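Based on these hints, arrange chain B on the given structure of chain W.
Chains as they are written, first to last, in our numbering: chain W, 74 to 349; chain B, 74 to 349.
Honestly, I wouldn't trust all of these hints.
What the hints assert, rightly or not - Estimated spans, in silico, between C-beta atoms of each pair: (1) 248(B) x 328(W): 18 to 28 Å; (2) 211(W) x 225(B): 51 to 61 Å; (3) 122(W) x 313(B): 49 to 59 Å; (4) 157(B) x 328(W): 46 to 56 Å; (5) 155(B) x 199(W): 51 to 61 Å.
Everything labelled a hint here was simulated from the structure, so no lab data went into it. As the structure is a prediction and not an experimental result, all values here were calculated from the model. Glycine included, every Cβ here is placed at the ideal spot set by N, Cα and C.
Number of protein chains: 2
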Amino acid sequence: MKLFRRVTILGIGLIGGSLALAIKKHRLADTVVGISRRRQTLALARRAGVIDRGSLDLSAARGSDLVIVATPVDTMLSLARQLSAVIGSECMVTDVGSTKRCVVARYETFFSNYLGSHPLAGSEKKGVRFASGVLFAQSLCIITPTAKTKGRVVTKMTKLWRSIGAHIVSMSPERHDRVVAFVSHLPHAAAFSLASSVPKEYLPYGATGLRDTTRIVASDTKLWSSIFLSNPDNITKAITLFQQHLRRLKESIRRGDRRRLQIFLHNAQIKRQELA
Amino acid sequence: MKLFRRVTILGIGLIGGSLALAIKKHRLADTVVGISRRRQTLALARRAGVIDRGSLDLSAARGSDLVIVATPVDTMLSLARQLSAVIGSECMVTDVGSTKRCVVARYETFFSNYLGSHPLAGSEKKGVRFASGVLFAQSLCIITPTAKTKGRVVTKMTKLWRSIGAHIVSMSPERHDRVVAFVSHLPHAAAFSLASSVPKEYLPYGATGLRDTTRIVASDTKLWSSIFLSNPDNITKAITLFQQHLRRLKESIRRGDRRRLQIFLHNAQIKRQELA
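Excised from the complex, chain W in its bound form (with noise of 0.2 Å):
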């Protein structure tokens, strides 16, 4: 079902290679535009059918009545202007980043049929060439409309997930960032911690609890760094929270206390189970 004419992918990298491999395969659109900085990663991106077109030019967006900004979050802010300038003021622009409510800010100022998503795919692998058609199957997607957006963009871009397979649930970009700064970033600021924690010569002894446990560490650290400092409040106020059930664990351990620690255990498995 054809829904857009042309789209264009601001980044292509493991996420907008894989929403442009999956706007392709399911013909939601006539022709899949890509951009990118490097010149490497359109070559790759075209050899491998991911994109129609390739451009080093954020100017080749013109003419596009979707847009999908899928780069780190930083960019996205930094490129909003200028996107601004390209576009026709009745493009669709919505983005996938994993912070909302800078990035929501900002585009409502830019763009008025806007709206931001974020769909929790991916993995650590990083660059277009691990990029998959059916990243998207069965995952869960976020979108964070406000009382600017339009009903009709809502409408549509619900469309557009749902045809590559995601599921939709609809939050504040507040609720949004409260809740990954959880379920996403804390984990991740727990693993580079844990990997930065065991000394070198004790690696060779890790097991799978050690690789599972820090498997993350393995993301692309740059875009890392931007997430985390475009969700600081948030990602702080989880750390914190963390701190106190790891001060709390250790003072059982500490004080050889096994009640209290079998519950703190037990508490923390159950609630695991519902993440199964």
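Leaving out everything else, chain B in the frame of chain W:
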């Protein structure tokens, strides 16, 4: 290659059951006897061909030339005396406990042919029904000989572990407990605390990041209470170091110090690569 006539395994859980299966698979003993506190476990283990004979009574260990203790650490400590009254002085004894100082110290006072072992294998699965004869293939097994350990015991136990596919590393019980505090106990402490920190109503939004970092929270909580309490000084030290790194990361985020943040994430990532 037969190494023993009669092996008795105390505790037929995931590790004990897998050991029994591996010993039978490689024909390392004539008879494998399983001792458990639960009739149901014995019935299951016998039906599945995990053990040749089962008993609820410790005295069934009589006449063995090897006893492997595969119970939680606190049970190991409490049954040493009783076990020593049952088995002959020539019987070899080992254990598979996750901490070694306390077990080794106690077992050396009761058994003259003892060697501590810690196979770094297993999973969050619990119980004999997940036992596998190939659990130790390509795994690492730490043995912890001391000045009191006899050379022929080390030789024979090394043969046993190698025969079922494990690679052997030898270190003192003290070093073992420092190492595992970081590579195994700390990741568990972090994962349990992380699961505790996430508000319940946010859990439906948890994606692979949260799922992976907290997978080990599904581990046996009684076993883990016992492990934490048997290595408290090393674990609290490891948690303290983790808290320092966490505080540093939080501070970089709070201050918006992108340079420090990126260095932190980058260093963690470089270190994590050693693990792969």
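| query | So which hints don't hold here, by number, going up? | reply | Violated hint: only 4; rest satisfied.
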